Every structure is written in structure tokens, then in C-alpha cells.
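Chain residues, written in single-letter form:
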Amino acid sequence: MNALLGLDPLAIGDLIWAPLLIILLKVVVIFALGLLVTMFMVWFERKAIAGMGNRIGPNKAGPWGLLQTLADGIKLFFKEDLLPDRADRFVFKLAPYLAFVPAFLVWSVIPLGGDFSDGKDGLVEWFGQTTRVQLADPPVGILLFMALSSVAVYGIMLAGWSSGSKYPLLGSVRASAQMVSYEAALGLSIATVLLLAGTLSTSGIVGNQGGFTDWHVVSTGVVPFIIFMLAATAEMNRPPFDLVEAEQELVGGFNTEYSSIRFGLFFLAEFMNTVTMSGIIVTLFFGGPQGLFDIPVIPGAIEGTIWFIAKVLVFLYVYVWMRATLPRFRYDQLMDLGWKILIPASLGWFMLMAVLQLGRDEGWNRGVVGIISGVVIAGCAGLMSAAVRTSRANREREGAMF
Amino acid sequence: MELVVFVLAAAMILVGAVGVIVRSNPVHAALSLILTLFGVAVMFVAQNAHFLAAVQVIVYAGAIVVLFLFVIMLLGVDRSEDLSSEPFKVQRPLAAIVGLGVIGLVVAAVVSSRDAITVRGTGLNVADTVGDGDTNIKQLARSVFGDYVVAFEVTSVLLVVAVVGTVLLTRRVKGSGKDS
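Residue numbers (this note's numbering), protein chains in the order written: chain A, 1 to 402; chain B, 1 to 180.
Check each hint, because a few of them may be wrong.
If the Cβ cut is set under 10 Å, some of the chain B residues that face chain A in the computed set are [said to hold, decoys possible]: (1) Leu31; (2) Val65; (3) Val163.
Simulated from the structure, these hints should not be mistaken for laboratory data.
Remember, predicted model here, so these are calculated numbers, not experimental data.
Glycine included, every Cβ here is placed at the ideal spot set by N, Cα and C.
Bound-form chain B, shown alone (with noise of 0.2 Å):
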């Protein structure tokens, strides 16, 4: 049973990362880079971690890619790519190559913590969670409001400043130029 969600979700994840690179509309990348988000979501339920398959869902597929979607409709650049031609010629062999390299690093990764994978528990002591699944959400909130409460709140005030600064940038002041 695990095997074939895992599979499936997999598939998902798979078709829809190659798809963001291979289909030539905006939109449909777009598309099935929620199809990846989705797979990720099973992914996180099939783990029992729930909450993050939610937050997977509402964040990312729910804001982040609706964000996307309404970028590419109102700048109306939602028109098919030729793909064939290449503005940048470098990017490509290079992606490749940085491809390549980090499939190689999370091979070697795997492979020289074989050991570890298999022996479950050693490291992170996670309860478990089939009987009550509240302990999960809590045992996340202690650990994000409590043991790093400050890393957390420093990268609220990022996010706070990354916004006003947004703001700033592209508001025009009126006389100091014909921009639109």
C-alpha cells in the first residue's frame, strides 16, 4: 500500500516537474508545477505529517502559484514560447551540468547514509502519531514558537521589510518622471 502511494505521488511529482520545463505556455508550467505541489502533499500524508500536507496545499498551491497565474495573465505574456531558439547561450549546457551534479551529490548521499535510513529512530525521536494526531501540530508549534521563536520572528521582519520595500520601489511620486 505505502509502495503504490509512493509510486503514484511519485509519477505526479515527476510529470510535473518535467512538464514546468518542457510545456511552452506560462500557464500550463504553471499548471503542472501544481501537479508537483500536489504529489508533494501526498508525499507529507503518506509520512503522517498532515498539517505540512495542508500548509503544502494552502501556501503553495493556494498563494504562491495563484500569485504566479495572476502574474502571467496581467502582463499577458500567457502566449506559447518558441522554444527552439535560445536568447542565452550558456544556460543551457550549464544546467545540465548542474543537473547532473546535484542528481550525482544525492546519490552519494544516499548511498553513504544507507545505514542510517534503514535504522530508524536513532536521530529524530518522532512520536508517533496514529493515535492522537494533535501531538504532531503541537509538537511543531513548540518547536517553531518556542525553540525558535527568534529565527521565526526575525523572518516575519524580513518578510515585513521585503514588502514595504516592494512598495517603496514601484510607487511613483507624481512629477519626478513619465513612467507608467
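Chain A extracted, bound-state conformation (with noise of 0.2 Å):
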């Protein structure tokens, strides 16, 4: 029982009224939060990319435009819900849910906040019960948020195939390859994570990361992060790997038979996949609740919330700034990246990080190891340019295009 419960510390234990409100409060919570976040998230997309292309934005809806996406959303209930005729009915009514419910859930794995300071270990006092500023926290925590990213692949194959026309299906095969291409390297950076970590939960992987040294994008030395980040842009199909609802070859991509609230629920999806994985990255590599420096007059409980919204803010900007200046990828450019750059950089640094970790773990020479694994580097460095090079120089003899 406390098993399949127990993902909290109030769970263990006789269950009472208390902790179960709690755990309701904090469900409602943030299912509630989730739903207000992603509406201002595409108001300040909006807002931002206007003020980028010298636009006004939205700005008739409330004050400074804020309610435009409420009106948006109502809008999209009251129009009419167009079933095409040669689609799959019932996987058609089911392909929204599929994109838009594991966006949802990764939320309940992110820590929010929480006191990390002192060895509190992220743990919090609510009406007189110790509990986490997360909905839970499950013993294999991040790898919860790769099975519901692989789950949400689903949502786009699905949608543009039971459309039952061609250009949602050829967004959705572009969407399916690029997914399952770029979790590989999504899966490897994270491993490097998980190496220093040494636990798979977020609050531990959180509790990791103490001091701005311990931050993980400063100990594992920057490139996991970057090709998280560039591999977690490509998996949420956001500008510039937005090939997937590519306007100018597609219509409009795997969506382009959905309409009324179906519609909306993909834009929803979207939207808070690019929120939940900027709190992803944040827990992952920028200590998530972890402040740089006490806040003072404000208690420890609250802090750690408003250095978690402040970071996560920070990466919401960035991906609407990638929206706003980078053209989009060509297809054989986005899997080149993939398959011969980042995939075997994420693998080279996973094993050069497991190598320095073991190095220290047995006290070996440092400089030692270091010579060693930076020739080892190079040579396989060398061996797989010279052999993307063959591979490319035999494809040009035998007549390819590229």
C-alpha cells in the first residue's frame, strides 16, 4: 500500500484528514497552476515575439492583453468541431488527449520549491505537516519524465495519421522520427546528470546541487546542457526543429484537420511542454528551488519557490527568443545534428564524466586520467568524422543528393 502511495512523506503512515487535503490541495493546486501558467506563457510569447518584429501584440483583452488567451480559448469551445471524412474517428478523438495529458503530468514530478538549505532536504512544514513543494516524488523521478515524453509522441503520430490526408501524415512521420532521434540524446545528457546525482528522484537530484559549483551545468561541464537543450527543443518541436508543422510545405502540419478545442488542446500541450521542460531543465542542471543567495525577510519555504519561477522565467525568454531569430532546420540538417553530432557528443561525454568520477571514487593521478581520456577523445573524435566523411564521400559517388 504505502508502495503505490508512498511517493510523499505524508503518505506513509495512518492515512488522516490532513495530509489527504494536503495532497488534494497540492493536486488542485497544480493542476490549476499549470492551466494559468501555459495561458501567460502564449501571452508573453505573443507579447515578446511582437516586440521583437517591432509589432504592437496582443493588447485589447484585459490589461496589457493578458486575458487574450482566455478569449482565445473560449473562442475555440464555441467553434464548430470538424470530423473529416476519411478520418479515424475514435483515434482521432483520442490523439489530443494523448499529447496534451503527459504534458500535464510532468509537472507532478518537478520540485516547485522547498527549503534545500541546511540539509533540509527540500522539505517543508504546511499546517503542521512535513511535506515536499512537489506532488510527488517517485524513486525513479526523471525517468517518469522520459516515459511520458515518449508517450506524448503518440499524440502527434496519431493526429496526422487517422486525419486520414497527406500533409498531416507526413508532418506526423517527421515528428515520430525527430522524437525518437533526439530521446536518445535527451536520455544521455540526463544519464551524465544522473552520474554526480546518483539518484534518479528530482528532489535528490535537486538536493545535489548545493552551491553554484555543484550546479550541474557547472560540474558536468556545460555540454550535457547544451545538448539537452537543444535536444529538449527538438523533442517539444519548437523553433528552429519546428519541422514538424512547417506552414510553407505542410499546411499546417499534423494539426491542420483539427479545429475547434481539439485544436486548442495541442496549442495547450505545446505550450506547457515548453514550461515543464524549462522547469526540467532547471531542476536538472540550475539546482531548481537551490538559491545562489538567502533572500532576506522572506522565510526559507517561500525562497526557494521564487528562485525556481525566477530561473524557469530565464528559459521561457530564451525559447521565445529562438522562435524569434532562428530559421527553421532543414530535415537531412535536423537529423545530421542528431545522429552525428549530438548523440556520439552526449555518449563521449557521458563516458569521459563516468571516467573522472571513477578517477576520483579510486584516487587515481589526476593529470593521468585526464591525458588519457582527452587522447582517448580525440582519437574517437577522429575515427567518427573520418568515417561520417567515407560515408558522405560514398554517397556522392553513387549519385545521392546529399
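Two chains, each in its own frame: build the complex with the hints.
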């Protein structure tokens, strides 16, 4: 029994009303927060892109156009819900939920706050109960995120297929190939973090990043962070990796045939993914709710949330910025980047970190370890680039386009 | 509680498994397979094997069935098949016999080892994982990368050989024919 519900320190022991109410409260708050944050993310993205494009952006609904998303949502609800003649009815209706639900569930494992100072391990006191500022802290934490992101592939894939026309199908085939390819690089860069953290649980990963030099972005040497950031952008199908909905080639991509609130769900899932992915990046590489310094006056339990929000906002801005400035990749460039650069680089870096960790544990001479691994990595990189060059030369000789 | 979870997960597994056979559309069959895989993942969670559950979803639902669907969509065989006609006549009676045989064997195994199932902790010494969820994963890692590391490495070599072989077999050399 505890094994099923024992994801929260509260749920161990007899279930009494106060803890149960706190868990329910957390569920409701996280659900509402997820929707609200997504709503403002849409507004923020439109406003920021408008600013970068020297336009005004939404400014009519509510102060500064803040309620624009709400207005759009209400409008979408009352639009006619079209079902294409050749669509596979059941799958067509199922697909938006397959995209939307995983995006929501990722929220449950992100530590949204908590007091990590003085070895408190992220536990806070609420109404006399000790708990975490996160819905669930399962022992497989970050793997749950991986599992959910692999389920999210189905939403897009089936949406395109069930529409029964060719542009959505092309979009969804692209999408599934892209998401499956980049999942490998994503997983390998997470593995590098896990190597240092020594645990899969998200609160454990945050707990391992005490000061700035312990933040995994520093202690894993930046490379996994860059790979994760690129792979995550591709995983979310955001620009510059948004080939899935390349308007110029595919009309609208996998969601061409969708209308009304079903389209709205895809839209919502996409923006919620941006927010949750920023949260995951902050959790994995930037210490989550751990702050750089102590904010005076504000108690420790709230401070974590403030730090978390501040860090997430930075990444949200970066994503909007990337969308506004970078042109879209071509499909072969996308696959080249994923398979020939990101996966070998993340694998090599993972091996390097593993060797360094082993050397630290066994007390080997650091200089020798560094030189040997440098030579090995240089050798592997040389072999890899030679292989890539040879295969390109072969293809050119056989008359392929690229 | 455990019984409720078991019944629900078992229902998921069975409905999915029957769906894989009965649905005439290959995509629907693949989706039923996902339902079965999720049911198995729920069973793993109920048995405290959280890691296996996560890996089940990531590897089987996230990669293998995606690959199935990918092939189905690319080959354009995503139309409903006529299940009433059978090109290979022996197949169905043979499948029924083999299926009944497997069920018989499983029942016989369960009946003969009933005592061993109810008396727990005699064979495998599984650590109590309620307190520290990481022990489960650590034990798994020790046995895969420690005790059975040779078997693990040989398996990965086998996979690499399979990949290289596939690429080599499907590669066409220019001028050797007009196959597409």
C-alpha cells in the first residue's frame, strides 16, 4: 500500500484527514497553476515576439492584453468541431488527449519549491505536516519524465495518421522520427547528470546542487546542458526544429485537420511542454529551487519557489528568443545534427564524466586520467568524423543528392 | 487495494491482448499492444518494481511500438484487412493448439508450485524497498553491470552486429540493379 502511495512523506503511516487534504490541495493547485502558467506563457510569447518584430502584439483583451489567451480559448470552445470524412474517428478524438495529458503529468515530478538550506532536503512544514513542494517524488523521478515524453510522441503521430490526408501524415512521420531520434541524446545527457547526482529522484537531484559550483551545469561541464537544451527543443518541436508544422510545406503540419477545442488542446500541450521542459532544465542543471544567496526577510520555504520561478522565466524567454531569431532547419540537417553530432558528443561526454568520477572514487592521479581520456576522446572523434566523411564521399560517388 | 489494482491492470492487459488479434486495422492493433504494455507497467509498479515499470514504458511503448507504427504508416498498410479469408490454412488451428498448450503449461506450473508461491522469501532475497527507493535500482545495476556484465556486453555486441548487418543488407550499390 505504501509502495503505491508512498511517493510523499505524508502518505507513510495512517492516512488521516490533514495529509490527505494537503495532497488534494497540491493536486488542485498544480492543475490550476499549470493552466494559468500556460495561459500567460502564450501571452508572453506573443508579446515578446511582437516586440522583437517591432509590432504591438495582443493589447485589447484585459490590461496589456493579458486575457487574450482566455478570449481565444473561449472562442475555440464555441467553434464548430470538424471531423474529416476519411478520419479514423476514435483515434482522431483520442490523439489530442495523448498529447495533452503527458504534458500535464510532468508537472507532478518537478520540485516547485522547498527549503534545501542546511540539509533540510526540500522538506517544508505546512499546517504542522512535513511535505515537499512537489506533487510526487517517486524513486524513478526523472525516468517518469522520459516515459511521459515518449508517450507524447503518440499524440502527434496518431493525430497526423488519423486525419486521413497526406500533409498531416507527412508532418506526423517527421515528428515521430525527430522525437525518437532526439530522445537518445536527451537520455544520454540526463545520464551524465544522474552520474553525479547518484539518484533518479528529482528532489535528490536538486538536493545534490548545493552551491553554484555544484550546479550540474557547472559540475558536468556545460556540454550536457547544451545537448539537453538542443534535444529538448527538438523534442518539443519548437523553432528552429518545428519541421512538424512547417507551414510553407505542410499547410499546418500534423494538426491541419483539427479545429475547435481539439486544436486548442494541441496548442495548450505545446505551450505547457515549453514551461515544463524549462522546469526540467532548471531541475537538472540549475539547482531547481536552490538559490545563489539568501533572500532576506522571506522565509526559506517560500524562497525556493521564488528562485525556481526566476530561473524558469529565464528559460522561457530564451525559448521565445530562439523562436524569434532562428530560421528553421532543413530535414537532413536536423537528422545530421541529431545522429552525427549530438548523440556521439553526449555519449563521449558521458564516458568522460564516468571515468573522472571513477578516478575520483579510486583516487587515481588526475593528470594521468585527464591526459589518457583526452587522447581517447580525440581518437574517437577523429574516427567518427572520418566515418562521416567517408560515408558522405560514398554517397556522392553513388549519385545521391546530399 | 492490491486486488483492485491487479484486476484493473489484468483487464487492461487482456483487453489489449485480445485487441491485437481481433482488430482488423494494424494501427488499432498496435494501439491495443500499447494498452497491454501499460497494463504490464502498472503490474510492475504494484510489485514495487518502479524502475522496470518506467523502462517498460520508455523502451516498449516509447520506442518499439513507435517503430511498428512508423513502419505501418510508411509502408501504407494501414488499411483494414479482411480477417475472414486466410491465405495460410493450417495457421489458425495450429495457433489454437499452441495457445491451449501454453495455457495448460502455465496452469500446471502454478498448480505444482503453489506452495512455493505462498511461502515468500525462500528463493530470492529481495530487499525491502519501501524506505529507500534507490536500492531497487542499485541492486539491478549491480547484477547487470557486475555479476552478468559479460552476458550484457555480448548482448550489446549482438545488437550492434544486427544493426550493421541490416544496413549492409538494405544498402544498394550503384549499378548492381534497378531495385528501389
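Taking the hints in turn, this is what the structure says about them:
no.	hint	result
1	Leu31	holds (7 Å)
2	Val65	holds (8 Å)
3	Val163	violated (13 Å)
Against the hints set out earlier in the document, a violation occurs for number 3 only.
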